[in-house]
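Participant: If you're matching them up, the sequences are chains A and B in order. Numbered per the numbering used here, the first sequence spans residues 217 to 326. Numbered per the numbering used here, the second sequence spans residues 156 to 269.
Honestly, the hints are just simulated from the structure, not real lab data.
Among the chain B residues that face chain A by a calculated CB cut under 7 Å, a handful are:
hint	residue
1	Gly-197
2	Leu-198
3	Arg-210
4	Asn-211
Using N, Cα and C, we set each Cβ at its ideal position, and we do this for glycine too.
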Amino acid sequence: GENVEQHPSTLSVQEGDSAVIKCTYSDSASNYFPWYKQELGKRPQLIIDIRSNVGEKKDQRIAVTLNKTAKHFSLHITETQPEDSAVYFCAASKFDDMRFGAGTRLTVKP
Amino acid sequence: KAGVTQTPRYLIKTRGQQVTLSCSPISGHRSVSWYQQTPGQGLQFLFEYFSETQRNKGNFPGRFSGRQFSNSRSEMNVSTLELGDSALYLCASRELAGGTYEQYFGPGTRLTVT
Numbered sequence: 217g218e219n220v221e222q223h224p225s226t227l228s229v230q231e232g233d234s235a236v237i238k239c240t241y242s243d244s245a246s247n248y249f250p251w252y253k254q255e256l257g258k259r260p261q262l263i264i265d266i267r268s269n270v271g272e273k274k275d276q277r278i279a280v281t282l283n284k285t286a287k288h289f290s291l292h293i294t295e296t297q298p299e300d301s302a303v304y305f306c307a308a309s310k311f312d313d314m315r316f317g318a319g320t321r322l323t324v325k326p
Numbered sequence: 156k157a158g159v160t161q162t163p164r165y166l167i168k169t170r171g172q173q174v175t176l177s178c179s180p181i182s183g184h185r186s187v188s189w190y191q192q193t194p195g196q197g198l199q200f201l202f203e204y205f206s207e208t209q210r211n212k213g214n215f216p217g218r219f220s221g222r223q224f225s226n227s228r229s230e231m232n233v234s235t236l237e238l239g240d241s242a243l244y245l246c247a248s249r250e251l252a253g254g255t256y257e258q259y260f261g262p263g264t265r266l267t268v269t
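Just need the whole structure built from these sequences, with the hints factored in.
Facilitator: Put into structure tokens, the structure is as follows:
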């Protein structure tokens, strides 16, 4: 099955700085790559996603890039705020399978 | 539409017992996946059901099983509970129609095994 690796496992930034989380996947058939944010005690929530026919997608302060050849994708958060502090999960999916990375705990220090 | 719901939300069991968890997907969603979440272990994939058929299974022992009903509701069963089964069990549903792959999570069932 698909194997997704995510780095770093923890990330601490100052408020206003940028944060980047990187993931690699193994199955070239994966064609959908979502990112989830999980705040303490809450369920994971979809924050942005990208399909394999697109190289980059932006939504306000967050963006995701995809390199299909290298099989890696990244989440970029600009102008970080304390409310961005959470665990972020990447995932790789095809029609019948979705697998997640191990998560990145992001801490934004005021 | 109502979101994904899971029952019960909290459960305390003793080693050796068995437990059944329930998940009701978003209306119209035919795929239900189950994940185990423990501190530091991320979201470990258990299995995925689509139209009452298990399509994928993660690397968990046979003590973990599941099923899906014709209304897409799903149950997960763990037999002969071990202390290491203590975790948050999340289910998620997907529509998988028209090229939509977005997956939505339920609030989870927190299982404690003593």
